[in-house]
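**Student:** In case you want the letters, here they are:
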Amino acid sequence: MSSTRSSITELAARLRAGKTTPQQLLAGAMAHQKRVEPQLHAYLTSTTELAEQQAEAAALTLAEHPDSASPLCGIPMALKDVLCVQGVETTASSKVLTGFRPPYTATAVQRLFDAGAVCVGKTNCDEFAMGSSNENSAFGAAGNPWDVERVPGGSSGGSAATVGAGVVPYALGTDTGGSIRQPASLCGVVGFKPTYGRVSRYGLIAFASSLDQIGPLALSVEDCALVFAVIAGHDPRDSTSDPSPVEDPQPALGRGVDGLRLGVPREYFGAGIDAGVRGCVEDALHVLEAQGARLREVSLPSTEVALSTYYIIAPAECSSNLARYDGVRFGLREEQPSLTDMYLRTRAAGFGDEVKRRVMLGTYALSSGYYDAYYRQAQKVRTLIAAEFASVFESVDALVSPTSPTVAFTMGERDDPLSMYMCDVVTLPANLAGLPGISVPCGFIDSLPVGLQVLAPRFQDARVFQVANAYQRATDWHATRSPLADAAA
Amino acid sequence: MTQTAEAASSAVLARYEPVIGLEVHAQLLTRSKMFCGCSADYTAAAPNDNTCPVCLGLPGVLPVINRQAIEYAVRTALALECEIPSFTKFDRKNYFYPDLPKGYQISQYDLPLSLNGRLRFEVEGEPASCGITRVHLEEDTGTLHHAGDVLQSATSSLVDLNRCGVPLMEIVGEPDLRSAAAAHEYLVRLRQLLVYIGVNDGNLEKGSFRCDANISMRPRGASEYGVKVEIKNMNSFRAVRLALEYELERQVAVLDGGGALTQETRGWVEARRQTVSQRSKEYAHDYRYFPEPDLPPLRLDAEFVDRVRATLPELPAARAMRFADAFEGLVDAGVAAKTAANWLMGDVAALANEHKVPLHASGLGVEGLRRLLALVETGTINAPTAKELLGELYVSGGDAEALVRDRGLAQVSDEAQLAEAIDAAIAANPDAAADFRAGLEKALGRMVGHVMKATGNKAQPQLVNRMLRERLAR
Ligand SMILES: [Zn+2]
Chain L
1 MSSTRSSITE LAARLRAGKT TPQQLLAGAM AHQKRVEPQL HAYLTSTTEL
51 AEQQAEAAAL TLAEHPDSAS PLCGIPMALK DVLCVQGVET TASSKVLTGF
101 RPPYTATAVQ RLFDAGAVCV GKTNCDEFAM GSSNENSAFG AAGNPWDVER
151 VPGGSSGGSA ATVGAGVVPY ALGTDTGGSI RQPASLCGVV GFKPTYGRVS
201 RYGLIAFASS LDQIGPLALS VEDCALVFAV IAGHDPRDST SDPSPVEDPQ
251 PALGRGVDGL RLGVPREYFG AGIDAGVRGC VEDALHVLEA QGARLREVSL
301 PSTEVALSTY YIIAPAECSS NLARYDGVRF GLREEQPSLT DMYLRTRAAG
351 FGDEVKRRVM LGTYALSSGY YDAYYRQAQK VRTLIAAEFA SVFESVDALV
401 SPTSPTVAFT MGERDDPLSM YMCDVVTLPA NLAGLPGISV PCGFIDSLPV
451 GLQVLAPRFQ DARVFQVANA YQRATDWHAT RSPLADAAA
Chain S
1 MTQTAEAASS AVLARYEPVI GLEVHAQLLT RSKMFCGCSA DYTAAAPNDN
51 TCPVCLGLPG VLPVINRQAI EYAVRTALAL ECEIPSFTKF DRKNYFYPDL
101 PKGYQISQYD LPLSLNGRLR FEVEGEPASC GITRVHLEED TGTLHHAGDV
151 LQSATSSLVD LNRCGVPLME IVGEPDLRSA AAAHEYLVRL RQLLVYIGVN
201 DGNLEKGSFR CDANISMRPR GASEYGVKVE IKNMNSFRAV RLALEYELER
251 QVAVLDGGGA LTQETRGWVE ARRQTVSQRS KEYAHDYRYF PEPDLPPLRL
301 DAEFVDRVRA TLPELPAARA MRFADAFEGL VDAGVAAKTA ANWLMGDVAA
351 LANEHKVPLH ASGLGVEGLR RLLALVETGT INAPTAKELL GELYVSGGDA
401 EALVRDRGLA QVSDEAQLAE AIDAAIAANP DAAADFRAGL EKALGRMVGH
451 VMKATGNKAQ PQLVNRMLRE RLAR
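Line by line, the protein sequences are chains L and S. If you're matching positions, the first sequence starts at 1 in the numbering used here and goes up one per residue. If you're matching positions, the second sequence starts at 1 in the numbering used here and goes up one per residue.
Treat the hints loosely; a few may be bogus.
Okay, derived cross-link-like pairs now, EDC-like style, lysine to aspartate or glutamate, Cα gap no bigger than 20 Å in a straight line [what the hints assert, rightly or not]:
#1 L:LYS380 to S:ASP110
#2 S:LYS89 to L:ASP372
#3 S:LYS93 to L:ASP372
#4 S:LYS356 to S:GLU314
#5 S:LYS89 to L:GLU354
If you are wondering where the hints come from, they were derived from the structure by calculation, not from laboratory data.
Modelling step: build the complete structure from the supplied sequences, incorporating the hints.
**Tutor:** Have a look at this one:
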């Protein structure tokens, strides 16, 4: 049997049964990556040397402490290229960071490495995580493992694509407005965005600091929970990481949804949601109902202003976060006789169109005379959106909805920014409110995956796993293999 | 200033009133930088050695607030009689410059750590004070070394980020100062205060204590402010005074000539003794302040503020003011000025230091001290006895007269009572008696000491002195 598209749980068992070794798993992953990569373009950097060292170390750990070793020990994985790894080129898919090798490793990544993870490479994404299709990567978009002519979604498109193609069983992504959940939905994998503050952002190249959160993309809800348990928890280097203890997600996985109240937000099924997608999600709701969940329609009226709120706050923060890419200390520099020209030329050459658009939007929104009308107003609406969720969660335990309004679209199809921004209309409210959310496969339209989104109150990450896993145990959508997962040599 | 310049200046000041406000940036004497673990003492390291990913502003790293810096800023705010709101936050001040690696400075904008304070000082012997708008925290920038005078014309520039991220406290004064002299005194007192409470080393030349000034002129009697000019690059107290005096005259000359002043930033050029325009308002920065999303807001509860208050030594300004109050009270009640000053600056100051309690809050109080000194003045007790009682009364309080009466501390001024002790002292010190008779004046001291000891320090020293001389002269 091929090791491609095997879950962490399966691989961990085989490692302990002596049926395979970390080195063999790595070799399998590399071989499969080599087969599919020319079509998929999911990676920006291969970290073969690092992976070989890690596989060797993991083999030792497994030999010496097979019982106490983490389930992630010896399992290949990949990292979105916004996550810093010491000494490994980290570009955030931007030319401006070409050649940048951080002298530190992100906390979440370090925790995985400490657990014995084997990192095969850095994955493609939209530049600085800004985009919903991967087409904003300065190094060319990744493809969708179900149809390489189509987008994998974004911004964590490379991570979703490589997991969907069966190269690695999991990868880390980041979610600022849906950037884990939406590509997971489009690539037919599970993608989990933790509560804001649950996973340290130290070493994550910031897009929008108050919205960014690191999370896993994997083949099952159970695997996402395994990875989450390792990366979650307070980090003294991130003052926004929460000091409260992390609830172990494992017990929740088997709890089922009998008696659970699930809210169905009317606005998340409205205009703009493809009829086929709506149909798949409604079928999924019946599956949950059949297991004892009580469905209740709820309303989140602020949904219609969430998109514009997001597109003020996120660009505002990004305009400031990206100011450091000025050519002075690292990355790209366009030499010019004057300082101002060096700044202008470096940033003009280093950033792509979407990044420039958001930097300009954000600069404008924060400008003197506009701050009150835009940024301050957006912060007020953000508070309102969070309050609305809190109020709805008084009468329901979780919310269920589509993840993406559509299935994967063709590369180049959406050439105006606004229609692209609509991709995140049902995912970004959760970022504004800091909620945990997941996308699980729930069907296909013309052989393209559809995702079901589950949201829960802040710090109830376990609840998200509970509902999603109940659904996953009753269905086998997540086990369906993409054409690229079966690609032969 | 020369005599003529002074005369010209006072003529000018008869018509115009200067309005001056000072902004001071003071580096805090913390161990580490504001948001990372690098040393705050950046001067010893080779260029860019005292840095880390956080203060270099590398992608993906995050700031962590230095608690000691918060404590020092609160200590300063309390010393400046500021209010400390329970809720404060950091903001980003956005601008591009090579000494600012993140492209923004973490500072405080609309909810500073403290506000509404006051600094008290003296101008030419008269008490004065200036409002403190706010004291807030931020991070210092790096330094640039240009091949050439300024960045714009430099052929190359080197960036040193050793200083970048050093905790910086900004103390914004109200526009309450009305002369260059007042501004000078304000600054001297503020520096003294920061050094005294241990938060800053007060070095203007090295730039750990920096001052910018805002100055405008208005006709005497006007209530509206004139056009404000900001002055930078003043690296000594003298420079501040000279720059303000220069600017004051420059502005009056413009106004008298029928011209209009421009709102601008001017730099003090020491070599030319002039201020020179650097940037006018049209080119003023829009800093696009917004709340720092990487740092949650801070809640400074009363318990924390009280704990910081307890670390505050008694302040030099306050101490001076209280000394003046006590002195005035004693002299008004008839104590000789010299006596009052001697006691206040000597034994009372020592006790205040020893017990960390000022006189007015001690068991003794100003009135108690007056009564104790009155007992000395009337000859009821002698100075050594008063000193002994002072220490006890300072701590425990009580009535000096009653103590003197109950313990029989009144001094012995009856010659018959002392005669025996005098004779015994001479008998016990034959050498000293011989020396004195031979003309050695100081030999008397040993015998006086003997008498005092024998009478439990109660003998009146002047009487003992006279009686010994009489006996030895025979
Ligand atoms: Zn540092």
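**Student:** Are the Cα atoms of L:LYS380 and S:ASP110 separated by 20 Å or less?
**Tutor:** At roughly 17 Å apart (the allowed maximum being 20 Å), S:ASP110 and L:LYS380 satisfy the hint.
**Student:** S:LYS89 and L:ASP372 were given as a pair; does the straight-line alpha-carbon distance stay at or below 20 Å?
**Tutor:** Given pair S:LYS89, L:ASP372 holds - Cα atoms ~18 Å apart, limit 20 Å.
**Student:** Below or equal to 20 Å on CA atoms is what counts here, so check S:LYS356 against S:GLU314.
**Tutor:** 7 Å, holds
**Student:** Is it true that the CA of S:LYS93 sits at most 20 Å from the CA of L:ASP372?
**Tutor:** 16 Å, holds
**Student:** With the threshold set at 20 Å, check whether the alpha-carbon distance from S:LYS89 to L:GLU354 stays at or below it.
**Tutor:** Given pair S:LYS89, L:GLU354 is violated - Cα atoms ~31 Å apart, limit 20 Å.
The structure is inconsistent with hint 5 alone, although it conforms to all the rest.
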